[in-house]
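With the sequences and hints as input, model every part of the structure.
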Amino acid sequence: MDVILFLIFAAIAVVCGFNVVVQSHPISSAISLIGVMGSLAVLYLLLGAEFLAAAQVIVYAGAIMVLFVFVIMLLNAGTEIRQGRSLLAQVLGIPLLFTFLGLMAYFAKNMFPGVPDAHFGGFTHGTALDVGRALFTQYLLPFEVVSVLILIAILGAVVLAQKEME
Amino acid sequence: MTSPGVPLSWYLILSAVLFTLGIAGYLLRRNIITVFMSIELMLNAVNLSFITFSYQLKQVNGHIFSFFVMVVAAAEAAVGLAIILTVFKNRSTLNIDDVSSMKN
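Chains A and B, in that order, give the protein sequences. The numbering of the first sequence is numbering that gives the first Met the number 0, which starts it at 0 and goes up by one. The numbering of the second sequence is numbering that gives the first Met the number 0, which starts it at 0 and goes up by one.
Keep in mind that the hints were calculated from the coordinates and are not lab data. Keep in mind that the hints are not guaranteed to be accurate.
To be verified - No farther apart than 25 Å at their CA atoms in a straight line, the calculated lysine to any residue pairs in the SDA-like style are these: (1) B:Lys88 with A:Ile26; (2) B:Lys57 with B:Gly4; (3) B:Lys88 with A:Asn75; (4) A:Lys108 with B:Lys57; (5) A:Lys108 with A:Ile11; (6) B:Lys57 with A:Pro112.
Stated by the list, open to error - Reference listing, derived: stretches of chain B covered by chain A, where coverage requires no fewer than 3 residues with Cβ under 8 Å from a Cβ of chain A: (7) 59 to 69; (8) 77 to 88.
Small disclaimer: the values here were computed from a predicted structure and weren't measured. Where a beta carbon is used, it is the ideal one built from N, C-alpha and C, also for glycine.
The following block contains the structure:
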């Protein structure tokens, strides 16, 4: 059951991720990205990260992607104009990407020799209780710092968006 | 009799595939919004790695780190999209090849 769920949602994630890259219209890329994020949320759930699966759906697929779609609508972004690619990028870039992927996959394959496979329910400390407890005790300072970062980001976004109104 | 589990390396390989797709989108695409979405794809791939390691080590620390990545991504999206709006207002283009005033 775990393997079937993993394969289904990994396939959806890879297909949607590929779609993000190849679609020429930004709105199609955005919809595909929502598909990637939704299927990753299911994989988080399989790994026992309940709180993060919920946060992934609410924060990423909800808030961030709504921002993206809103900006695409606001700017009326059309189909991307394909310009001539440099030959060097095709000759070097694509094989380098595949080399990178192969190396990453090789290291990932050999990273955990002989560890047991992942089962649903094998790790039950990813609930909101455990994450909250770690966040407000051990990681209190980073949490407070990140709240200041969010405040600065809000102010920066307001200032940047106001500038165009003049 | 337990059902067969998923090897942890599969999760890491999926993360590597998604990260590579993010790099490809970042380098190949010319629309500034799609480039930005490719960055989000890479962040998601890294989050999957963090949660896989967290499962393997049976610790919640990876979840906390992943949570902070999400928070920073939200802040980055807000500021980045505001910058994109300003760039579009000033230059009326979304093509990153046309926004190259820092090049020369």
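Now for the hints, and whether the structure bears them out:
1. With a C-alpha separation of about 20 Å, the suggested pair lysine 88 of chain B and isoleucine 26 of chain A falls inside the 25 Å cut-off, and the hint holds.
2. A C-alpha spacing of about 16 Å is found between lysine 57 of chain B and glycine 4 of chain B, which places the hinted pair at or below 25 Å, so the restraint holds.
3. Proximity of lysine 88 of chain B to asparagine 75 of chain A is assessed by CA-CA distance (about 12 Å); at most 25 Å being required, the pair is judged to hold.
4. For the suggested pair lysine 108 of chain A and lysine 57 of chain B, the alpha carbons sit about 19 Å apart, so the restraint of at most 25 Å is met.
5. A C-alpha spacing of about 22 Å is found between lysine 108 of chain A and isoleucine 11 of chain A, which places the hinted pair at or below 25 Å, so the restraint holds.
6. Distance check on the hinted pair: lysine 57 of chain B and proline 112 of chain A sit about 17 Å apart at the alpha-carbon level, within 25 Å; holds.
7. Counting residues of the stretch 59 to 69 of chain B whose beta carbon lies closer than 8 Å to any beta carbon of chain A gives 8, which meets the minimum of three for the stated coverage.
8. Only residues whose beta carbon comes within less than 8 Å of a beta carbon in chain A count, and the stretch 77 to 88 of chain B has 10; three or more means the coverage holds.
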